[in-house]
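J.: Sequence:
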Amino acid sequence: MKRRLYLLFPGILFCTSCTVGPKYVAPVVPPVPAFKEFAGSDQWKTASPGDGLLKGKWWEIFNDPELNSLEEKVSTNNFSVKQAEAQFRASRALLLGARANYYPTIGSSPSITQGDTHLGTNSNFELPFTASWVPDLWGRVRLAVENASANAQVSAADLENMRLTLQATLATDYFTLVSTDMQIKLLDDTNKEYARYLTLTENRYAGGIAARSDVTLAETQLYTTQASETDLIATRNQLEHAIAVIIGVAPAELTIPPGRIAAPPPSIPTAVPSALLERRPDIAAQERLIAAANANVGIAETAYYPTLTLSATAGIENSSLASLFTYAGRLWSAGPSLSQTLFDFGRRGANVQYSIANYDAAVDAYRETVLTAFQQVEDNLSNLRVLAQEAEQTAAAVKAADLSLVLELDRYKAGTDTYLNVITTESIDLSDQRQAVVLLQRRMTSAVNLVVALGGGWDASTLPTPDQIRSHGMTEPGNIQKVAQPISN
1 MKRRLYLLFP
11 GILFCTSCTV
21 GPKYVAPVVP
31 PVPAFKEFAG
41 SDQWKTASPG
51 DGLLKGKWWE
61 IFNDPELNSL
71 EEKVSTNNFS
81 VKQAEAQFRA
91 SRALLLGARA
101 NYYPTIGSSP
111 SITQGDTHLG
121 TNSNFELPFT
131 ASWVPDLWGR
141 VRLAVENASA
151 NAQVSAADLE
161 NMRLTLQATL
171 ATDYFTLVST
181 DMQIKLLDDT
191 NKEYARYLTL
201 TENRYAGGIA
211 ARSDVTLAET
221 QLYTTQASET
231 DLIATRNQLE
241 HAIAVIIGVA
251 PAELTIPPGR
261 IAAPPPSIPT
271 AVPSALLERR
281 PDIAAQERLI
291 AAANANVGIA
301 ETAYYPTLTL
311 SATAGIENSS
321 LASLFTYAGR
331 LWSAGPSLSQ
341 TLFDFGRRGA
351 NVQYSIANYD
361 AAVDAYRETV
371 LTAFQQVEDN
381 LSNLRVLAQE
391 AEQTAAAVKA
401 ADLSLVLELD
411 RYKAGTDTYL
421 NVITTESIDL
431 SDQRQAVVLL
441 QRRMTSAVNL
451 VVALGGGWDA
461 STLPTPDQIR
471 SHGMTEPGNI
481 QKVAQPISN
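When we follow my numbering, the leftmost residue of the sequence shown carries the number 1, and every step to the right adds one.
Just to be clear, a hint being listed does not mean it is correct.
[Claimed, not checked] The following label-pair restraints were derived from C-beta to C-beta distances:
1) S427 / K73: 48 to 58 Å
2) A334 / T372: 37 to 47 Å
3) V25 / I112: 57 to 67 Å
4) L96 / N68: 35 to 45 Å
5) I61 / R347: 53 to 63 Å
6) R385 / S228: 27 to 37 Å
7) D364 / K57: 31 to 41 Å
8) V28 / L403: 56 to 66 Å
9) T224 / I61: 38 to 48 Å
10) K73 / Q389: 41 to 51 Å
11) A414 / Q389: 15 to 25 Å
12) A414 / V245: 52 to 62 Å
13) N68 / Y102: 24 to 34 Å
[What the hints assert, rightly or not] 27 Å max Cα-Cα, derived DSS-like pairs, lysine-lysine:
14) K36 / K23
15) K185 / K23
16) K192 / K57
17) K57 / K23
18) K73 / K57
19) K185 / K399
Read the hints as simulated data drawn from the structure, not as lab findings. Remember, predicted model here, so these are calculated numbers, not experimental data. The beta-carbon is built from N, C-alpha and C at its ideal position, and this holds for glycine as well.
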């Protein structure tokens, strides 16, 4: 028996090098040579590799100190980010658990038994140690480790994607808030002008120059604009509350001073489409999901192969506690066992088909994510170009409306025109000025969305490797914040 056991070990060592399951190959996506918005346009310039691309704190390109201060708090205070960090630590624990299956399980079950017979009281003392090991003959453990490693990397990419999404949401809310401040300031200045026009109209009515209807029109215009300003204040408050939640504080703890958008959005360097695959955390997460699904196919296939278990027991046993640790009390046993499913009515085949179908679904989801990424870049490049043109046209409309209002007021004061025409011109002028502010806010939002579509400065090379995931430093939440973050050069 011992001779057979010794002869079995070389076979075991040889079989542990066997591999089962398909070899993982990253899926191919249709090549996209260039973004459509680049064709025939000198407005966009493709950044050179590694030169001028977004890195690290991408929001700093907007040169807004208040925005910079708020963005710094997202990674440390936001509770959704903290949840994603905890989920990453959970996936890390699963990886460590999967790797532990490479090694034997060692245990002990000491016992004391005592009984009474007609001969007297009998006692028995045992201190056994057991060891059990399932050699990784067909790569079950290896595939499980690959699956857990890929899923841990998915969690790391999801963490960065969550962080990027919240940073972009904060930036969008912030630019909406300050554009609301600009509109409030515009309406406040306009209301002061309308109040002067109302006084002018009342004086003209008292002098018998204007009709009573002119006074009521001036009052209606003033009160309507005041109501619009009040409504914007309510909107601003809600935006401030939303930003407070994003940075992890109660709304009562945050007060953002009135601000304004100082300049149009900056030029954002754009990489070629092929580089986009390496710069988006959501794409990296989808690719890692494919790797995990590929490992699951292999795990399902290993069910067709037998399982070998090597077990051994050694210890000491004696009826006398004083003689327990003597050589005579020794005990041991060892032996292999082999188990194999002979027929399961197609259960294993169904599991393999299930795993393959999930793999195919993961590939399609990856390709869909890639195409969506291309679409998002194209959408925001197009938005920035078109909105810039619209802003120029609106600026020309504001200039013309300003001049028209001056001329209309002169005619009204000269008594050659009605106040209704003044109000109509004032409404057009105010509408054009508000539209100019809204367009500026939309351009800033499109710039933020373009940054997100380009990955926010993240790069797949910063995705933690399995060795890095297993490192002890990953167990602390404070250190997890650094996982998958862009590395400054």
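J.: With reference to the structure, classify each hint as holding or not holding.
T.: Going through the hints against the structure:
1. At roughly 41 Å, the beta-carbon separation of S427 and K73 lies outside the given 48 to 58 Å, and the hint is violated.
2. Between A334 and T372, the C-beta spacing of about 58 Å breaks the proposed range 37 to 47 Å.
3. Look at V25 against I112: about 59 Å separates their beta carbons, and that is inside 57 to 67 Å.
4. L96 and N68 have their C-beta atoms about 38 Å apart, which keeps the hinted 35 to 45 Å range intact.
5. The given range of 53 to 63 Å is respected by I61 and R347, whose C-beta atoms sit roughly 56 Å from each other.
6. Take R385 and S228: their Cβ atoms lie about 31 Å apart, and the range 27 to 37 Å holds.
7. Hint check: D364 to K57, Cβ distance near 35 Å, so the stated range 31 to 41 Å holds.
8. Take V28 and L403: their Cβ atoms lie about 59 Å apart, and the range 56 to 66 Å holds.
9. Checking the proposed 38 to 48 Å range against T224 and I61 shows it holds: the Cβ atoms sit about 39 Å from each other.
10. Here the CB-CB span from K73 to Q389 is close to 36 Å, at odds with the stated 41 to 51 Å.
11. Between A414 and Q389 the beta carbon distance is about 38 Å. The supplied range of 15 to 25 Å is therefore violated.
12. The beta-carbon spacing between A414 and V245, approximately 56 Å, falls within the hinted interval of 52 to 62 Å.
13. Take N68 and Y102: their Cβ atoms lie about 47 Å apart, and the range 24 to 34 Å is violated.
14. This hinted pair does not check out: K36 and K23 have alpha carbons roughly 36 Å apart, beyond 27 Å.
15. Of the pairs offered as hints, the one joining K185 and K23 is violated, with about 63 Å between alpha carbons and a cut-off of 27 Å exceeded.
16. Among the hinted pairs, K192 with K57 is inconsistent with the structure: their alpha-carbon atoms are about 41 Å apart, more than 27 Å.
17. With a CA separation close to 38 Å, the supplied pair K57 and K23 exceeds the 27 Å bound.
18. For the hint linking K73 to K57, the alpha-carbon distance of about 12 Å falls within 27 Å, and the restraint holds.
19. Taken as a hint, the K185 and K399 pair is honoured in the structure, with Cα atoms around 19 Å apart against an allowance of 27 Å.
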